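Peer 1: Next come the chains, spelled out residue by residue.
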Amino acid sequence: MTEHKKISDFIAETRERFNLVNLLSGVCWGVLIMSAGMLCVACVYVFAGYAVNRRWFWLPAVCGAVFALGWYLLRRLDTISSAARADKFFGLHDSLLSAESFYRHDRRNGIYELQARCTVGLIEKADASKIRFRLPRRLLGTAFILAVLAAGLCFLDNSPAVAARIEEQKQVDERTAKINEYLKKQYEELEKKLTPEQKEQLKKSELKKRIGEFQKNKDLKEMMSKLAGIEKEFRKLSAQAAAKQDEKFLKKLGREMANSKMTKKLGAELSAGEFSKAAKTLKDFKSSEQKKKGKDSKAIRDAMKRLARQMSGENENSDSAEGNQSSRQGDVEKAASKFRESTQKMKSGEQGEEGENGESGEFKEADSDLDDMAGEMELLDMKLDFSDKMGEMAEMMGMCQNFAMNGPGKEGGMKGMPGIGESKGKEPGKGIGTASAGNRRDGGDKINPAGKTTELKGVKGSGPSAVSVSDASSGSGVTGSAANAEKKKAFKRQVENFVRREDIPENLKGGVKEYFEIVHKKEN
Amino acid sequence: MTDAIVMDSEVAQSEVEHFIEEFSRIRKEISRFIVGQEDIIEKVLTAIVCGGHVLLEGVPGLGKTALVMTIAKVMNLNFGRVQFTPDLLPADLLGTNILTDRDGRKQFEFQKGPIFVNILLADEINRATPKTQSALLEVMQEKTVTVAQHKHSLHLPFFVLATQNPIEMDGTYPLPEAQLDRFFFKLRVTLPGHDEFFEILNRTCGSDEVELDAVTDGENILRMGNTIRHVPIEKTIQDYLIKIVRATHPEDHAAPEIVKKYVRYGASPRAAQAMLSAARVTAILRGRYHVSREDIQDVACAALRHRIILSFEGEAEGICTDTIIQGIINQ
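Taken in sequence, the protein lines are chains G and P.
Mapping the first sequence onto our numbering, position 449 (from 1) lands on 449, and the numbers just tick up by one.
Mapping the second sequence onto our numbering, position 174 (from 1) lands on 1174, and the numbers just tick up by one.
Pulled out of the complex, with its shape left as it was, chain P reads as follows (with noise of 0.2 Å):
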């Protein structure tokens, strides 16, 4: 079983408490402008206090460029927007060395992009290149940027939240599958119910503004995500985690049909990483000090479903990867 880092009993106790607390009081005060959404409200949170990143995806107007803007409104932290679109350059997005005149000598100054920031919304995209998609790959998994032999680092918390369009595909690159492995989350932005709809309405299109609070800060999320190491996982619980994530391989003794026929590649060891540390969130927040499967099986299709690569059948055939997650759970 996984270690946690031992404490005392009333710091954990505290800890925990602030845990959810502050996770409370983030997903209240988000609540107050995003109408629904709370499971993708928890997701994002969950996310972002596990250091990872997130990609959401859903047909324009869902206001998931919105939630991201409140997110980082109240966590007051630094924000930065990129609109993606094919002529970005990787210069345009993590800085460039241009040369300089201070006190009469000319010499090459590094000139930040937009990229260092805490929370940085990547909007649409898919709508970048390649080469400029493969820009993020290194600050997204080492939170660092290299720019002439020299290393930048960014300031923590640094998380990508990554918005792109599914249906609208005409000059879109499909992320490669090592950009997807790095972001901890894909979620699906669902079109508001009827009520949420009105209440949408209400909110956006009167006289009156929500004003957002900044109800933490950098430091508290760091604290946050220090907190969920310390929730234990039992042995049998985890070997429950590493068969799921080994089932989701077409060449595991142990994956179903489903997987055998439609799948191409499976999750990584990056995804359990994920599965692992969203799970320990989820428990806490349950009020429970150790993770079990029902947490596990709570965040697998979130972290495994753009890990899971489909075969030329699967695509064919329009399976769609949650599916495929649930009936490796339910196998």
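One chain only, chain G, in its complex shape (with noise of 0.2 Å):
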């Protein structure tokens, strides 16, 4: 055997070991590695409260499999690294590495024959066993260490808060599956009871769109904002169809004044749809009327003129409907109901009159187009079907908000949602818009079928308040009884709820809010 198959046989050998040390070496480290990083996901979790997760300790695993894999093959020796290595192991004075390295450039005699002789001659006391892999145990100790804390965090559980949080969201989830089902239901319901033009205008809107967003929410603040987006879809269709209709009935309600002389002008007017003029001249009716009828003539023309009130805000807001749908509703509701006084009394008037004034005739025939008026109006009750349906829909999501701030089985819940509030609620399922109706807010103004109710009517908005606050000694104010004290409590949440909306303009918000926070200052 020459010298060099000795040197390199030599080098082979204890390249092999120092690969192989590195290897178990690069292992123990990626261990110390492994724990490390599981109990960095441990701590991660108790630190934040919850339990840990034992299904992240893959991350630091694959991470110690990684680092042990890498630093092998980053420190893998190649013969002349390897050389160099043994010879400071052994001590041969960088013998190893001069002789492979003189040898790969060809440099085979003379001195450097003698060179590969003499590092021959140390190889052969060399012992290449005595490359060993030494259990590294401080390193291992602390690896051990490391896991046993971290298998010890293991055994935590979630921290009461984090319990909390996460059986609400539990909740909201629920609340959500649930919600959106109904919604999708109720959708698929109301899609089926539409006329098609009706169905035009839902198509238009955004309410489907909203309606597929809500399927998942990370919180209740998001669930109850995409609520609320969808109930004023509701308003806002409702109102839209409201203006509709008014339009509809004010053009039909001219055509048929028409037809009568004395209201011919108005009646064209009102049916070309220029409710402005139609107003004018309803103004300078009542006047040249003031003029022939005197107090007897006083009723008719308040009639006329909340009419003409009525139609020339008709004509104001006919492009912004949406934001005042429920007070224009009543007022369409108010005219109706106004115009059948007149009528009566109009014919009570006209039995006194009889034979002292000559145009008792004319007045027969108005009577008769107010009559034929607040039959109409009568009509719109019907006709405001789909408003009144949209006006349902945005109540019954009052109802879902209710449920998803309460849940199942509250006052407030969804007592009308088949399948929700039938379990838990005090009362069964009644129908979209009839159970609870009476759990939000004032359930809007209907228009009263029943025609003549003598109500106060003040300007809205202008007018006192009606609710007056009685302050109380703190900590002395006793409630009814849970209902009562559940009754406020939705009807605060109902108040946030109303403040979240978008459509509620920013300088009142602040005032609802105050409100709000005086009241809830009171009540604690």
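Just so you know, the hints here were simulated from the structure itself, not pulled from any lab data.
From a predicted model like this one, the values you see are computed outputs, not experimental measurements.
Wrong hints could be hidden among the right ones.
[Said to hold, decoys possible] Taking lysine-lysine and the DSBU-like style, the derived pairs with C-alpha atoms no more than 30 Å apart in a straight line are: (1) G:K88 with P:K1243; (2) G:K130 with G:K192; (3) P:K1260 with G:K6; (4) G:K130 with P:K1235.
With the hints as a guide, bring the two chains together.
Peer 2: Right under this line is the structure:
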């Protein structure tokens, strides 16, 4: 065997052993990294208040394995570096390195041969088996301690706050799923009941999109926000439908009035959709009639005046109907009611004045027209079917919000929602918009089919508040019943939801919120 | 890697054996008179074999001059001693042209100075003026003397063994960098230990005087110098040597912080040549046929310490160049 053969064999043997040591060393470091990583993962969970999720332990395990592999690959020795390391290990003073390098550069004679011989003499004394892997006890001990700590942290449970948050999220998810299912079902039912025109209107709205977005909510706030958005869409649709129906009604009214000699001009303007002009004509008509009729026709004039105001308001608000939909709807109902009153009064006035006034025949004609108008206005209640449906859906959204806030079984919950409120609600479901209309805001300004109601009407927003707050001594107030307290609570949440809505002007939100805070403080 | 001169393995072996034998014989003979100082003796002999000059630094009375005179005797070489004084002139050292009358004809004849020897002892070299010190520049590097446009070659081997006193600085002239760089090694002669003191007294204060034998000659010295040129050095080890020398320069990116802070100028390529030659001698003396990192580390201090010029901060803080060199090696 030549000198170089012996040298290369020795280097190969040492290389194999060094690489094995490298691998085992890398594995040990990998274990340490894995343990440290596991502890980090556990600490992250524990410091956040959660119970440790052991599924994430795969990450440090993979990191440790990658590190061990990377360590081995990066530190893997080639022949020259192995020779240099063996020189250092056995104290050969670069003999192996020099011999291998000289041989590779084809320097093999003369003093190079002597060098090779000298190196062989040195390696014969060296024992490659001395290259052993020494177990890094400190390193492995540290890894073990870290792993034990990580395992110990795995036994810790969620903190109370986190448990409550998880429970809340769970409820939010459950309620989201139920509300989502309910919304879809209601939407499908609604679609079936609508006329093609209404369907078209429904399609144009963002309602479906918003309902579609109501799939997953990260928290209650988001869920409430989405519900408010859907409610807003319903109200918008309702307002649009009401505006359209109002316009139709007034035009039809105009056509009817055009048949009468006395109200021909007014009827023509109404049927042409020129509501401002119609209002003006009606005012003129009022002043001329005042001269003629005096005190007895005051009631008719008042009715006419209101109608004028109503029509004037219609014209102004036809483009921006959504904001005050409920008041407008109420105004139309009131107009119908007042017309009925006017008709009645006119009839009674006619009886008293017969023979005194030569124009009694014309009044009879007007009486007939006004009767028709009143009849038409009553019909409006039916025509506003779509608007009502939207309003009911909006109220149903209020129920959903209550359900989202309080969950099933509470008074403000979705008792009217089949499958949700039935099991735990106090009353069985009654259908859309009927069961808990009273639980939400004051049921809206619905048209009273009975007609003659005597109620005090003021201009909205200008009169004194009907609500008076009586201060009680702190802590002395006693609730009438648990149900009453729940009602107040529900009302409070409704106000919160109301404030959260986007269609409330910013300058009003502050006032409402302040009011709510005052009430809240008093409650506490 | 540096190519070694290729010769037959048998010849190479005999040359190496001759080197080791001669070196050992000289060292042994010197040790008969000089007590201790083994490292100094080995380094001086190394420098002589490599054809370099040595600057011996130490306080008076440590045997510097005695060592040089012993070496001259053992090597059987022409020896000259010049006591460097402030009034010493270059002509006093190198020689000068004088007017002579030969067969009735007057002519200028070059009168050789004391430098025309094999071993020159420049005692207390830092007491001469820079002008006289500079007269040694050519002779130390080229081994020639140029006077009146005539170049005179010195007999080989030639080497200067200079001494200087590090503590008595009054009336001295520090050697210029160019002069320092021409010294192969700068060796610090230290105080002997107790046992060595004892032996020194026994050998020098008794009635018996040690008779030294000339165990070698100039020819053998030159042959030994030729032998070391055959010792190969592997590429990575040569890289290591170069890195060490380059690291003495503060502007080098691999220089350690201590160099950047305290060194004004680092070692020259001549230092790398000196280190390589000396490392080869060390390798042969250690029974190897190649240069290793340890050989380089062994000679680094002696070869570099006088070639590193300290900065103001280094001088002010009393930093020793050996500390800087150790810092580079340990990097």
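Peer 1: Please verify whether G:K88 and P:K1243 have alpha carbons no more than 30 Å apart.
Peer 2: holds, 19 Å
Peer 1: Decide if the proposed pair is consistent with the structure: G:K130 and G:K192, CA atoms, cutoff 30 Å inclusive.
Peer 2: Not OK: G:K130 and G:K192 at ~88 Å, beyond 30 Å, violated.
Peer 1: Are the Cα atoms of G:K130 and P:K1235 separated by 30 Å or less?
Peer 2: holds, 28 Å
Peer 1: Given the hinted pair P:K1260 and G:K6, is their Cα-Cα distance within 30 Å?
Peer 2: violated, 46 Å
Comparing the model with each earlier hint shows violations of hints 2 and 3; every other hint is respected.
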